[in-house]
Amino acid sequence: MKKFVNNVDHMLVESLTGFATAHGDLVEVQFDPTFVSRKQKSHNKVAIISGGGAGHEPLHAGYVGKGMLDAACPGQVFTSPTPDQMLAAAEAVHADKGVLFIVKNYAGDVMNFEMATEMLPFEHATVLTSDDCAVVNSTYTTGRRGVAGTVIIEKCVGSLAETGADLASCKALGDKINLHTSSIGAALTSCTVPAAGRPTFDISDSEIEMGVGIHGEPGRRREAMRTADAIVDDMVNAIVHDFEAKQLPTQGEILLLVNGLGATPLMELYLIYNTAAKLLTEKGFSIARSLVGNYITAIDMAGASLTVCLLDNEIKQHWDSPVHTAGLRWGC
Amino acid sequence: MHSSVINRYAAAIRDAILAHEADIECLDREIGDGDHYINMKRGCEAIASLADELNTLSAADALNKIGMKLLSTIGGASGPLFASFFMSMSKPLKTSDTMTTLQIALAFEAGVQAIMQRGKAQAGEKTMLDVLIPVAAAFKQLAEQGQSGKDIAAALKTIASDGLESTRNMLATKGRASGLGERAIGHLDAGAKSCQVMIDTICDLVLSKQ
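Chains as they are written, first to last, in this note's numbering: chain A, 1 to 332; chain B, 1001 to 1210.
Don't read these hints as lab results, they were simulated from the structure.
As the structure is a computational prediction, the values presented were derived from the model and not from experiment.
Every residue gets a Cβ at the ideal spot worked out from N, C-alpha and C, and that includes glycine.
Treat the hints with caution; some may be incorrect.
Quick look at which bits of chain A chain B covers, simulated, 3 or more residues with Cβ under 8 Å [stated by the list, open to error]:
| id | region |
| --- | --- |
| 1 | 19-30 |
| 2 | 99-112 |
| 3 | 193-206 |
| 4 | 218-225 |
With beta-carbon atoms standing in for the labels, derived distance ranges [as the list claims (entries may be wrong)]:
| id | chain 1 | residue 1 | chain 2 | residue 2 | range |
| --- | --- | --- | --- | --- | --- |
| 5 | A | 24 | B | 1204 | 52 to 62 Å |
| 6 | B | 1048 | A | 13 | 17 to 27 Å |
| 7 | A | 207 | B | 1045 | 36 to 46 Å |
| 8 | B | 1146 | A | 168 | 53 to 63 Å |
| 9 | B | 1144 | A | 41 | 55 to 65 Å |
| 10 | A | 198 | B | 1046 | 19 to 29 Å |
| 11 | A | 164 | B | 1004 | 51 to 61 Å |
| 12 | A | 230 | B | 1205 | 49 to 59 Å |
| 13 | A | 207 | B | 1022 | 22 to 32 Å |
| 14 | A | 247 | B | 1120 | 20 to 30 Å |
| 15 | A | 163 | B | 1048 | 47 to 57 Å |
| 16 | B | 1096 | A | 33 | 32 to 42 Å |
Construct the entire structure; sequences and hints are all you get.
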């Protein structure tokens, strides 16, 4: 392992301190329990709080700020944060209209947030994100994973909350976007968890992992490496099949997000976007909004995910509204 | 059971987990995401840091304290699950000053039930419960029969290791490996391995008691 590190046990604190200093106009960080919150506390709005393991930067702390999250709770690398962090964050940012937690659907995240809500003295609700179509849903399993669609949900729900909307409306918008969003990832290499010191999985130069998760957990299939067009074609088809299975429209306006998993350069991400946009347009979709870059990463994994969100006027309006965070900024 | 015994068990468990780093990490790399060993180690170290305070508490309060500490230290799935185990194990022990083997078995069973409830999981889902459920059932049954601590410990070692082995050919329907479908078959579950190591360690301590 070759990384910029002093002591693996101090990485999280050193990185968060750097983050909070670099974006000192937007956020502040507290430790023990650890959470990141807006520099200027908001009033008279639903408090939007997310959290999850570190290693996915800029998610979630990078989305704390006006128009998005009120607070984020970072856990250890790829490990859910703990209930005391969520309670401390809620205590710090709640503004008398309730607390909405946005939680990616993983067993650990769900359990820790659940234990926090059992102890929370405020009105609260939870949006569980589960946009990864690589995992087949079943009543008997943990179910689909929350991946890049989470960024779209945090952006739009954050925007709605700024208007003073109530807790139920914010949850309803989050649930609606989650239903109308589908993602799939492909990995070219593994990632290396710093404390583990070596790659999470072995993969040769001639292979890809299709359907990979954002923690380096294997996907559904190990496949032979092919051209970008062939790989993207499979990814687009997986997403379209998912919309069909959910009996959602397979035409109309969409938001297309091409997300890098950490070690894939923008040049390749735009190349992927080029193919995906062409294929989706041929299928009858109209690409109304786009986002390309590293928005939810898996440390240093080479790979990318495609996310398609079916748009309506409400989602479009909240996607376009001003946002000022370290990770996303427009309109202000 | 005095809280000094809990400290002794905790220290032995920490040594055993550290000694099994390679096995546990290897299993988690195969079908998980590589953080399980790190989380177990963090939990063991958090309990070690409480040793002096635990010595001043009753066994029941010490177990509850351990649960609270793990809840705020481990994170991931292991944090709430082990926290629920210790906090629930503490409850039935609160009423008794001296405890029989059967009372400890019943407290252990309450802890395992709390894990099932928190994780919404049953036996057969390729998790730590495939070790814990059969161990809890046998512990209670053997204690009810009035068997000695050493006989029970010897039996539970085998049951824990059989439980671990049973995860090899299971599909994972809970936890990180649940996205893998058939690819998880042929691999042992890392959480089941940690539990087997911990149970084996405590049984060895009971067996070596003069």
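How the hints compare with the structure:
no.	hint	in the structure
1	19-30	violated (count 0)
2	99-112	holds (count 5)
3	193-206	holds (count 5)
4	218-225	holds (count 3)
5	24/A / 1204/B: 52 to 62 Å	53 Å, holds
6	1048/B / 13/A: 17 to 27 Å	21 Å, holds
7	207/A / 1045/B: 36 to 46 Å	37 Å, holds
8	1146/B / 168/A: 53 to 63 Å	57 Å, holds
9	1144/B / 41/A: 55 to 65 Å	57 Å, holds
10	198/A / 1046/B: 19 to 29 Å	25 Å, holds
11	164/A / 1004/B: 51 to 61 Å	57 Å, holds
12	230/A / 1205/B: 49 to 59 Å	58 Å, holds
13	207/A / 1022/B: 22 to 32 Å	25 Å, holds
14	247/A / 1120/B: 20 to 30 Å	27 Å, holds
15	163/A / 1048/B: 47 to 57 Å	50 Å, holds
16	1096/B / 33/A: 32 to 42 Å	34 Å, holds
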